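Engineer: Single-letter residue listing:
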Amino acid sequence: MSAWHEEYLKRYAQLKERGRSFFPYAVFKDVIVSFLLLCVLSALAYFVGAELGDLADPTDTTYNPRPEWYFMFLFQVLKLFPGRLEAVAAVVLPVLVVLFLFSLPLIDRGRERHPSRRPLLTGIALMTIIAWGFLTWKGYTSPLTNPIVEKDPLVLAGHRLYQELKCSYCHSIGGQGGLVGPELDKVVGDQTEEWLGKHFRDPQALSPGTVMPKLNLLGDEITILVAYMKSLGSGPFTEEAAKLFNENCTTCHRIGKEGGDVGPNLSAIGSVRSKSYIKSYIEDPSRANNSSSMPAYKGQLTDIQIEDVARYLASLKGNK
Amino acid sequence: MRNNRRLLGWLDERTGLKKIWETLFARKIPESKGSVAWFYTLGSACLFVFVVQVITGVLLAMNYVPSPDHAYDSVRFIDKQVFLGHFLRGLHKWGATFMVVVVLLHMLRVYFMGAYKYPREVTWMMGVVILLLVMAFSFTGYLLPWDQKAYWATAVGANIAGQTPVVGSHVAKILKGGEEMGVATLTRFYALHVLVLPILTALLVGIHLFLVVWHGISEPPEKTNRQIESN
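Protein sequence lines, in the order shown, are assigned to chains A and B.
When the letters of the first sequence are read in order and numbered with this note's numbering, they come out as residues 1 to 320.
When the letters of the second sequence are read in order and numbered with this note's numbering, they come out as residues 1001 to 1231.
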């Protein structure tokens, strides 16, 4: 036992003897604070409530979740550590923080307790609070790092209608759904919006003899369904996608006249593979093809970059 | 009146009620001056919010179905059909936010006052574990409504866990109950959220509170270390 331990216990015993009874001295204040908390809590629950978004859709990889506000700082930190370093920010740092907190009483063992007598630890905490506030603020004000995954409201509405009409009884998207009709994510990219519009108005007009029923849709409904269909083909990609492809893939793959011939020619990959397949393949080729000599790009490129490249490739139908 | 006293006496003889009251409530604690005393309410505020979460959580569990086919609809049912259901869910959701905030404030109070020092080291360590349990509550509870935000936020969380060096992919697999998120993920999270975590938390809070009473609440720190005063 350190020298000051015994002294502390004696002094504490003295303070306790001269102290107040826990009830009602402390309980009174506790009750007031808890009551105030309950009031604020009820007000928030009543006036703001808890929102419930759309039903979870595991096939919809474009959803961009934002974290709870108190985790926003972590979201912002992740932006600062791209690619492989993401693991440092996401796992290593939090683990170190927790280990520091847990072992704090074993590190700081002196008798000084007043914050001004422990300037280092007080400083660390104040800096952490300021950094947390700053990162939270940046998280909300800085632009999304992945504007390409922001969703078009028309597409969202179309997606909902697709579910309501139970199109998936006959059609599949991303391998999910029925097999009576065509796999939509593979075929719709080839069709113009005009064709799709006419097709939804009356399937027989463009494809005589088709088993697809006439759905008697309203004009608005056709618009959103077309928007949803067009989003399936590949979705919008950025100019960066082609650049990323040139930097990472052209050693082995060819698009049009440029690129190597070690791997398959990708000029028309979009007409045979869906975006989700391409994305999964870029992330880890061994999932689909065990003998592939292509490296896995998950971790090499960020998820957003892979999404971008996959959309770019899915748009290639051999007309370049 | 006399009957009441007789009843209390009868109970005390058999349960030690008086002794328990004296140990828990009539115990003496050091007096803190002015507004500092209010900082000492944060611990009990945590306990209060925890009780709110337990009560609202139990009521929600009565109407919730932990399966991907029905989870979302059962939450909608709570919102639209159950008497005061939307309010109840609001309480639980905001209670979760308050829980994180109040627990962190409580921790900051103890940190700045150096109250984790001898002899209260283990009290603090139990507190850090409780903080982790609160985070686990927050993570597992987030998935349960099974809406887009719930699903994808959890996917991101599982991906983050999956990036842990060496053990990452196993951790992610155990969390998700397989390669993909689905039925197994939801039932797993539900079981953790309503069975495992509450039991662990109750246990640790019990130890934490026992230690608080055992050592006595720390006195507010002073700039200079006063010597023991001679009587």
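Think of the hints as simulated: they come from the structure by calculation, not from any bench.
Since this is a predicted model, take the numbers as computed values, not measurements.
There's no promise every hint is true.
[As the list claims (entries may be wrong)] Listed below are several chain B residues computed to face chain A (Cβ distance under 7 Å; list not exhaustive):
| id | residue |
| --- | --- |
| 1 | 1027 |
| 2 | 1031 |
| 3 | 1075 |
| 4 | 1118 |
[Stated by the list, open to error] Dumping the calculated DSSO-like pairs for lysine-lysine here, alpha-carbon to alpha-carbon at most 27 Å:
| id | chain 1 | residue 1 | chain 2 | residue 2 |
| --- | --- | --- | --- | --- |
| 5 | A | 138 | A | 166 |
| 6 | B | 1033 | A | 10 |
| 7 | A | 16 | B | 1173 |
| 8 | A | 214 | A | 79 |
| 9 | A | 243 | A | 198 |
| 10 | B | 1173 | A | 10 |
| 11 | A | 16 | B | 1223 |
| 12 | A | 29 | B | 1223 |
| 13 | B | 1080 | A | 317 |
| 14 | A | 198 | A | 214 |
| 15 | B | 1028 | B | 1018 |
| 16 | A | 243 | B | 1223 |
| 17 | B | 1173 | A | 29 |
| 18 | B | 1173 | A | 298 |
| 19 | A | 79 | B | 1173 |
| 20 | A | 166 | A | 243 |
| 21 | A | 317 | A | 198 |
| 22 | A | 29 | B | 1018 |
| 23 | A | 198 | B | 1019 |
| 24 | B | 1223 | B | 1028 |
| 25 | B | 1028 | A | 16 |
| 26 | A | 16 | B | 1080 |
| 27 | A | 79 | A | 138 |
| 28 | B | 1080 | A | 166 |
| 29 | A | 29 | A | 16 |
| 30 | A | 243 | A | 298 |
| 31 | A | 243 | A | 257 |
| 32 | B | 1080 | A | 29 |
| 33 | A | 214 | A | 243 |
| 34 | A | 79 | A | 243 |
| 35 | B | 1033 | B | 1173 |
| 36 | A | 10 | B | 1080 |
| 37 | A | 257 | A | 317 |
[Said to hold, decoys possible] Computed Cβ-Cβ distance ranges for the label pairs, DEER-style:
| id | chain 1 | residue 1 | chain 2 | residue 2 | range |
| --- | --- | --- | --- | --- | --- |
| 38 | A | 137 | B | 1159 | 41 to 49 Å |
| 39 | A | 93 | B | 1011 | 30 to 38 Å |
| 40 | A | 272 | B | 1135 | 41 to 49 Å |
Built from N, CA and C at the ideal position, the CB exists for glycine as well.
Engineer: Are the hints correct? Go through all of them and say.
Structural biologist: Results of checking the hints against the structure:
Below 7 Å, beta-carbon pairs count as interface contacts, and residue 1027 of chain B has one with chain A at about 5 Å; its hint therefore holds. Interface hint at residue 1031 of chain B: satisfied, since its Cβ lies 5 Å from the closest Cβ of chain A, which is below the 7 Å cut-off. The interface hint given for residue 1075 of chain B is met, as the beta carbon of that residue sits about 6 Å from the closest beta carbon of chain A, less than 7 Å. Against a cut-off of 7 Å between C-beta atoms, the interface hint on residue 1118 of chain B holds, since the closest Cβ of chain A lies about 5 Å away.
Taken as a hint, the residue 138 of chain A and residue 166 of chain A pair is broken in the structure, with Cα atoms around 42 Å apart against an allowance of 27 Å. For the proposed pair residue 1033 of chain B and residue 10 of chain A, the alpha carbon gap of about 21 Å is at most 27 Å, so the pair holds. Straight-line distance between C-alpha atoms of residue 16 of chain A and residue 1173 of chain B comes to about 52 Å, which puts the hinted pair past the 27 Å bound. With a C-alpha separation of about 48 Å, the suggested pair residue 214 of chain A and residue 79 of chain A falls outside the 27 Å cut-off, and the hint is violated.
About 37 Å separates the Cα atoms of residue 243 of chain A and residue 198 of chain A, which puts this hinted pair outside 27 Å; it is violated. Pair hint residue 1173 of chain B plus residue 10 of chain A does not hold up; C-alpha atoms about 53 Å apart against a cutoff of 27 Å. Distance check on the hinted pair: residue 16 of chain A and residue 1223 of chain B sit about 19 Å apart at the alpha-carbon level, within 27 Å; holds. Proximity of residue 29 of chain A to residue 1223 of chain B is assessed by CA-CA distance (about 25 Å); at most 27 Å being required, the pair is judged to hold.
The hinted pair formed by residue 1080 of chain B and residue 317 of chain A fails the criterion: a straight-line CA distance of about 48 Å is larger than 27 Å. Distance check on the hinted pair: residue 198 of chain A and residue 214 of chain A sit about 11 Å apart at the alpha-carbon level, within 27 Å; holds. For the hint pairing residue 1028 of chain B with residue 1018 of chain B, the CA-to-CA distance comes to about 15 Å; that is within 27 Å, so the pair holds. With a C-alpha separation of about 62 Å, the suggested pairing of residue 243 of chain A with residue 1223 of chain B is violated against the 27 Å cut-off.
A distance of roughly 46 Å separates the Cα atoms of residue 1173 of chain B and residue 29 of chain A; the hinted pair therefore is violated under the 27 Å criterion. Using a Cα cut-off of 27 Å, the hinted pair residue 1173 of chain B and residue 298 of chain A holds, with the two alpha carbons roughly 17 Å apart. Pair hint residue 79 of chain A plus residue 1173 of chain B holds up; C-alpha atoms about 25 Å apart against a cutoff of 27 Å. Taken as a hint, the residue 166 of chain A and residue 243 of chain A pair is broken in the structure, with Cα atoms around 39 Å apart against an allowance of 27 Å.
The suggested pairing of residue 317 of chain A with residue 198 of chain A holds, with an alpha-carbon distance near 23 Å, which does not exceed 27 Å. Distance restraint check for residue 29 of chain A and residue 1018 of chain B: the Cα-Cα separation of roughly 23 Å lies within the 27 Å cut-off, and the hinted pair is therefore satisfied. With a CA separation close to 84 Å, the supplied pair residue 198 of chain A and residue 1019 of chain B exceeds the 27 Å bound. Between the alpha carbons of residue 1223 of chain B and residue 1028 of chain B the distance comes to roughly 23 Å, so the proposed pair stays at or under 27 Å and holds.
At roughly 6 Å between alpha-carbon atoms, residue 1028 of chain B and residue 16 of chain A fall within 27 Å of each other, so this suggested pair holds. With a C-alpha separation of about 53 Å, the suggested pair residue 16 of chain A and residue 1080 of chain B falls outside the 27 Å cut-off, and the hint is violated. A threshold of 27 Å between alpha carbons decides the hint, and for residue 79 of chain A with residue 138 of chain A the separation of about 11 Å falls inside it, so the pair holds. The hinted pair formed by residue 1080 of chain B and residue 166 of chain A meets the criterion: a straight-line CA distance of about 24 Å does not exceed 27 Å.
Note on residue 29 of chain A and residue 16 of chain A: the hinted pairing holds, with a Cα-Cα distance of about 19 Å set against a maximum of 27 Å. For the given pair, residue 243 of chain A sits about 18 Å from residue 298 of chain A by alpha-carbon distance, which is consistent with the 27 Å threshold. Proximity of residue 243 of chain A to residue 257 of chain A is assessed by CA-CA distance (about 16 Å); at most 27 Å being required, the pair is judged to hold. Pair hint residue 1080 of chain B plus residue 29 of chain A does not hold up; C-alpha atoms about 38 Å apart against a cutoff of 27 Å.
A distance of roughly 44 Å separates the Cα atoms of residue 214 of chain A and residue 243 of chain A; the hinted pair therefore is violated under the 27 Å criterion. Note on residue 79 of chain A and residue 243 of chain A: the hinted pairing holds, with a Cα-Cα distance of about 21 Å set against a maximum of 27 Å. For the hint pairing residue 1033 of chain B with residue 1173 of chain B, the CA-to-CA distance comes to about 53 Å; that exceeds 27 Å, so the pair is violated. A distance of roughly 60 Å separates the Cα atoms of residue 10 of chain A and residue 1080 of chain B; the hinted pair therefore is violated under the 27 Å criterion.
About 15 Å separates the Cα atoms of residue 257 of chain A and residue 317 of chain A, which keeps this hinted pair within 27 Å; it holds. Take residue 137 of chain A and residue 1159 of chain B: their Cβ atoms lie about 25 Å apart, and the range 41 to 49 Å is violated. A C-beta distance of roughly 53 Å is found between residue 93 of chain A and residue 1011 of chain B, which places it outside the suggested range of 30 to 38 Å. Between residue 272 of chain A and residue 1135 of chain B the Cβ separation comes to about 45 Å, which falls inside the hinted range of 41 to 49 Å.
In summary, the numbered hints that this structure violates are 5, 7, 8, 9, 10, 13, 16, 17, 20, 23, 26, 32, 33, 35, 36, 38 and 39.
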